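Chains as they are written, first to last, in our numbering: chain A, 1 to 230; chain B, 1001 to 1531.
Hints listed in this document are in silico derivations from the structure and should not be mistaken for laboratory results. All values derive from a computational prediction rather than experimental measurement. Misleading hints may appear alongside valid ones.
[What the hints assert, rightly or not] Have a look at the derived ranges for each label pair, beta carbon to beta carbon:
#: 1; chain 1: A; residue 1: 14; chain 2: B; residue 2: 1436; range: 29 to 39 Å
#: 2; chain 1: B; residue 1: 1475; chain 2: A; residue 2: 218; range: 50 to 60 Å
#: 3; chain 1: B; residue 1: 1480; chain 2: A; residue 2: 35; range: 22 to 32 Å
#: 4; chain 1: A; residue 1: 151; chain 2: B; residue 2: 1045; range: 32 to 42 Å
#: 5; chain 1: B; residue 1: 1309; chain 2: A; residue 2: 83; range: 55 to 65 Å
#: 6; chain 1: B; residue 1: 1480; chain 2: A; residue 2: 209; range: 54 to 64 Å
#: 7; chain 1: A; residue 1: 151; chain 2: B; residue 2: 1500; range: 44 to 54 Å
We put the beta carbon where it would ideally sit given N, CA and C, even for glycine.
Listed below are the residues making up each chain.
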Amino acid sequence: MTAARASWDPRTLPASGSPERWPWLQGLRRARHLDLEPWLQAVEAGSLQPAPDLLAALAERLDGPAAARLLAWWLAQPAADPALLAVIGRHRHPRCRALLRQALAASAAGPAAVSAVGARAALLLPLLGHQRHLDDFPLLRDQALAPLPLQQRRAALEGLAVGLGAWPSLPLRQALGALVGDLDRGLAATAVDLLARLPGGARDLAALDRGRLAPELARRVERRLAARRS
Amino acid sequence: MNSTDTSVDTAPTSDRSAPPPAELSKVERAKAELCGLDLAPRLAELAAAGWESLDEATLTIRLKWLGIFFRPVTPGRFMVRLRLPNGVIAAEQLELLADAVDRCGEHGSADITTRQNLQLRGLLLEDMPPLLAAMERVGLTSRQSGHDNPRNITGNPLAGLDPEELIDTRPLVDAIQARLLADDGPRNLPRKFNVAVGGAPDSFLLHNDLAFLPAPHPQDPAAPLGFTVMVGGFFSAQRNELAVPLGLWLRHEQLPDFTLALLRHYDAHGNRAQRNRSRLMYLVDGLGLAAYRDAVVAAYRELAGPSAPAPLPHDGRHLVVRAPRDGLGIQAQKQAGLHWVGLHVPMGRLDAAAMLELARLARVYGSGELRLTEAQNVLIVNVPSDRLAALEAEPLLERFRLEPGALQAEAVSCTGSRYCSFALIPTKRTAQAVIDELERRLELPEAVRSHWTGCPNACGQPYMGQIGLMGAKARHDGQMVEAAKIFLGGRLDHDPQLAALHEKAVPLSELPDVLEGLLVERFGARRRAAP
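Taking the hints into account, I'd like the entire structure generated from these sequences.
This is how it looks when you write it as structure tokens:
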């Protein structure tokens, strides 16, 4: 199929639900030569909806600039499918990072009580961390520590997690140390797990007054320290 | 990602006969430039530099030679797939893996796979060097567990325990793995390759590229059992085949070299131009079975040497005559006074706490060993009679039941859309919800094996199910919705056959009703009285 088809025209993509769609997309995925530009243009023009199966087929072709164009499209859609974001947002590129920063700035400026805004920020923060750019550390740290909706704070901490090695060590340890004392058990547990991965983190964990931690969290600290010793 | 930012030196690793570089696919080019195994000494350095330092081929292809999987659906969170020959794992090993999952918090989980294996999710790239080093210390490896490699080798999950055992598969599986992972083993196959060894009358293994099934000596009925060789089984989006007899019989000690010889032949002659026509059966088709057999025998003779006994001609008859037992519940081992205890793990998914608890139970009540089954369940083995009652009272057994419902017991599922970008439905969650609902509605006279898969790639083996379900999309009330195609009739007994399409794309919202009707009509289910 890949050899026989001269070009892969977005207009000939079988509709979702068609039995021909899966083999067509597999042929597209395996095509030796594929011009991505018509696909990007079709998405940008609104004539093609990038469903998850289509993006999965195109994923290996996307480079940073292409991903940035799709990310810009996604961010412009008020009700875009969140499932698309991971595939689009996994690329590291200055334009992707800039788009994420802009979108997060816009959501921060909006009414904090609007849950849709917070939900969108929660999707974007891990991807910003995944960009692993040093300059984004303060934003992620501040959102993880701030009195924001929990979903957003957890997303910011996930951003710190997936960029772990890119952040400045001492401020990161300080932030995680503060989060160990957070009232939210999920945030505190993740902070313990991340601290345990850092050079010097075990020392921070050992220095904690475990008697003041929730029993479950104290046991978690013990487990992380025990693993370091073994 | 910028493809010019590679920090990994690439130089040709092989001059084997292959298409010229210009004709190679992207995957073949990546493999030819650098073998992923050569990344092992630099893993710590690469992990410290972060995923962004890796070129695309290293990130998405080569790391799989170390068992490390970049997951597009969870950017920054990686997966490790182990190798657990014959599905055997020790409590100490499971505890180590539990700790790795535990430190991933809500992102961490482990799946028991349909190859008696484990894959851990939610890991950071930084976790890999210490994890792989710790795994090595306790005798675990993830080497060559993904992509174009010989995958985890399966065997009888009850090996060494089974009153019905014909041959203990454990030493054979171990020996084959050792031979394949040796320095002269295959490192760049045209495609993935599944090997399995049968050891009991219910060792259904015809879905493997290469399966060894117990069979009497073709000329001497008094001789020890050996194996007939079956080749070419696989499932894919394009084609589904059960393995066919190659027409050879082997002694136990011939299996490792024979497997290596067959893989070397596949390495040299398999299709590298079209990945969707590269599984072993295509090579068998291309050469013809007789010519293929002659070529493999020649490769074996060359490897084993002239003094090694030749494979014997064989008619392909074997001693596998029944569908696999589920192995669940308390069952007597062949060793007097000992039992295995089969626990049902819903959809094969484990969290860290459950893994730790399983390890503890295996230590406290058994010999510290566990087995994983192809049906994605777990067995605690060597439990003495006088420990059974206490084990039955353990809280974990309320979650991982000894006697699950007739649909739960043999439900197998692929990963689904939570972790796989190809899946069209959230397979595990859907399967669990539908089965829970059906078991509320119905009583079944016996277990029904259902296989759930998220897409036509068929990782959940839908063609092996009495009922097979495959994720799809369908139009319903004017909207495109998640759906499942229904396959019926898979048989794994003496007359095996693949399930065939019964109904196209049933919306998930209607699936319980449609399956209820099928279970009543075809599987003898009775509707429960309304409460």
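Hints versus structure:
1. A:14 / B:1436: 29 to 39 Å: holds (34 Å)
2. B:1475 / A:218: 50 to 60 Å: Check passed, 54 Å falls within 50 to 60 Å.
3. B:1480 / A:35: 22 to 32 Å: Taking Cβ atoms as reference, residue 1480 (chain B) and residue 35 (chain A) lie about 27 Å apart, which means the hint holds.
4. A:151 / B:1045: 32 to 42 Å: Cβ of residue 151 (chain A) to Cβ of residue 1045 (chain B): about 36 Å, so the range 32 to 42 Å holds.
5. B:1309 / A:83: 55 to 65 Å: Given a distance of about 56 Å, which is inside 55 to 65 Å, the answer is holds.
6. B:1480 / A:209: 54 to 64 Å: holds (55 Å)
7. A:151 / B:1500: 44 to 54 Å: Holds: the Cβ-Cβ distance is about 45 Å, inside 44 to 54 Å.
Of the numbered hints listed earlier, not one is contradicted by the structure.
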